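Read off the chains here:
There are 2 protein chains.
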Amino acid sequence: MAEPLGVALIGGGIFMKERHVPAALASPVVSVKAVWSRSLKSAEETAKVLADAGVIVEVYSSDSGPGRSYDDLLKRPDVAGLILALPIMDQPGYIEKALAAGKHVLAEKPIAKDLDTALKLLEYYKKVSIETKATLAIAENFRFMKGWAYAADEIKKLGRVTGFAVRVYFMMQTSNKYYNTPWRTTPQYQGGFLLDGGVHYTAALRGLLGEENAVASVIALTSLVSSHLPPKDTVNAILQTRTGVLGSYVHCAGTTMKASDFHVACEQGYVEAGPDRVVTVRGVGEDAKTEEKTFEKSFGVTEEVHAWAEAVISGKPHPEQAPELALGDLELLEKMLTSGDQDGARQALQYQ
Amino acid sequence: MAEPLGVALIGGGIFMKERHVPAALASPVVSVKAVWSRSLKSAEETAKVLADAGVIVEVYSSDSGPGRSYDDLLKRPDVAGLILALPIMDQPGYIEKALAAGKHVLAEKPIAKDLDTALKLLEYYKKVSIETKATLAIAENFRFMKGWAYAADEIKKLGRVTGFAVRVYFMMQTSNKYYNTPWRTTPQYQGGFLLDGGVHYTAALRGLLGEENAVASVIALTSLVSSHLPPKDTVNAILQTRTGVLGSYVHCAGTTMKASDFHVACEQGYVEAGPDRVVTVRGVGEDAKTEEKTFEKSFGVTEEVHAWAEAVISGKPHPEQAPELALGDLELLEKMLTSGDQDGARQALQYQ
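In order, the protein sequence lines correspond to chains A and B.
Just so we're aligned: 309 in full-length UniProt numbering is position 309 of the first sequence, and the numbers increase by one with no gaps anywhere.
Just so we're aligned: 10 in full-length UniProt numbering is position 10 of the second sequence, and the numbers increase by one with no gaps anywhere.
A hint or two may mislead.
For identical chains, the list gives no copy identity; a pair is met inside one copy or between any two copies.
[What the hints assert, rightly or not] With a straight-line cut-off of 25 Å between C-alpha atoms, the simulated DSS-like cross-links for lysine-lysine are:
(1) K297 / K146
(2) K293 / K316
(3) K293 / K258
(4) K289 / K177
(5) K258 / K157
(6) K258 / K156
(7) K127 / K33
(8) K177 / K48
Keep in mind that the hints were calculated from the coordinates and are not lab data.
Model, not experiment: these values are computed from the prediction.
Given only the sequences and the hints, what does the whole structure look like? Please build it.
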């Protein structure tokens, strides 16, 4: 087996502690060397979780004094890659510094707060990576949940896609641990929770439709249903693919309704997709045959961290972590929000 | 008990034979005196069904010769009311003649093929009824299915409406008996099956939302998914109420997907409505309590015919059969189709 990848964990938030730390510990090709967080307190908490698992790491933070800053961490020769999970507004700056220092990066979705910022980041990445050879991967854990990939395969077997419907309803309550992250409670980026969680759902839908049925344009209206979720908690959209097919896309993070439906209709049947449960209906009407397939529940983070480390070691970036995919996820969401801002004016997409 | 209402049945199609004839027979306040259909063959078939139930009627048709025409039927003093179920294009002309002859009318939905025709019909009705005292009722059987009314009451108990979603998916197959009615196979009216069946769903939604949350505007895209269902079989719309609330409305008559969902979210819970099954969820998240209520399955036609006859006898039109309601049902559907024709341009509504 190849030497494990020396990794630093950047960010001390909920998702880092609860998902990335266990994922890094679980991968035989990851060796965590250091952690960094804005506050020493948070960085030490992460280090403690690692120590409890027998992994002793160096602790860095913004308030640790000389030799313990993010820049100092980037100088470590034993750290080849960084896993970043930082507030949406901050992340691109940290990514750029890491790439400039020649560190491979796996950064949490969304790739950026908006398309402009994402495009600038990608431009910088292309330029700097020629020199430093550092690679940028975006972590979209939905791409590592087995149900979505299986459903995409099922859809391909049922003939032409003829329609689809996405319905994601839930209530982000004020008691939710994610709600209480200050940068999420008072978001300084478009869409608020619609952006933060929303790119997961656009990623899932894009995977189901495939490039052949990529979304070409959207019209949408947006609103704020629950006042604790500014600026918007509801997007109601109609998507049209490059093949002309229409689909409905509704995402509300502030509703009493509950749903998580991803339905894709094809000529010869339809598929109800999900992260760990997929229903395939073959045929139409009374002759239709239904088949259900379930998968072990997984957040996909363990799989994605392992896949990333293997890809870095092998020198071949993982296709499901390409920043261009994350750009497409963000574009689809942003265009829905923009259409909503423009009273439903049709928005064309170009990164699908 | 009052004298039963003398009634003639106009039209010999599937819905007349299968629904209105049994409904008329079931009502103790209806006495069928005559039937009319375009063809004698069809009229005689209807008469036969009645005769089998012990009710002997006079038969009229377009091809029965002198003294047996629609006009002749309208001269019968023993016929006080007409139940009409005719092709969408033809119906208004027959309604107007009946009203002019002083006959009360219960006519099948939709009120007309489009808003213009419906408004002209209503104008004529208002004028002629001053003279003849004849009343016009539109038969929307969904308004007589118990589930919808119960659901509307449940919604009122859950606070402000905050969102809604309608999803009606099915495949109108070429083997369907309704599909094979010539005027439906090659429709000469907007929307094809979307209009014919669609007003049922707009009626249901309007009932659930109530006047307080009436739809004020729509944006929509439309398409033809299954080529045997011209001109359109799919409408994908976003509705906005006068209170600013957004809802999703998707109706596809040519898809392999199957659904019939009418979900309304309120501040304190949500309701999944249906004709004979209603689920009320009170509260949010883990504390939410679910209650399901079922009703005996019914097309509502027996109830509506009986209610109409009682209303005519009592001289007080039934509020759920007011032609203005049917106008609203049609307007909501037509504006979605129009928005689709205009590439999603927002359409304002005025008869809600």
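- prompt: Looking back at the numbered hints, which does the structure fail to meet, lowest number first?
  reply: Those not satisfied are hints 2, 7.
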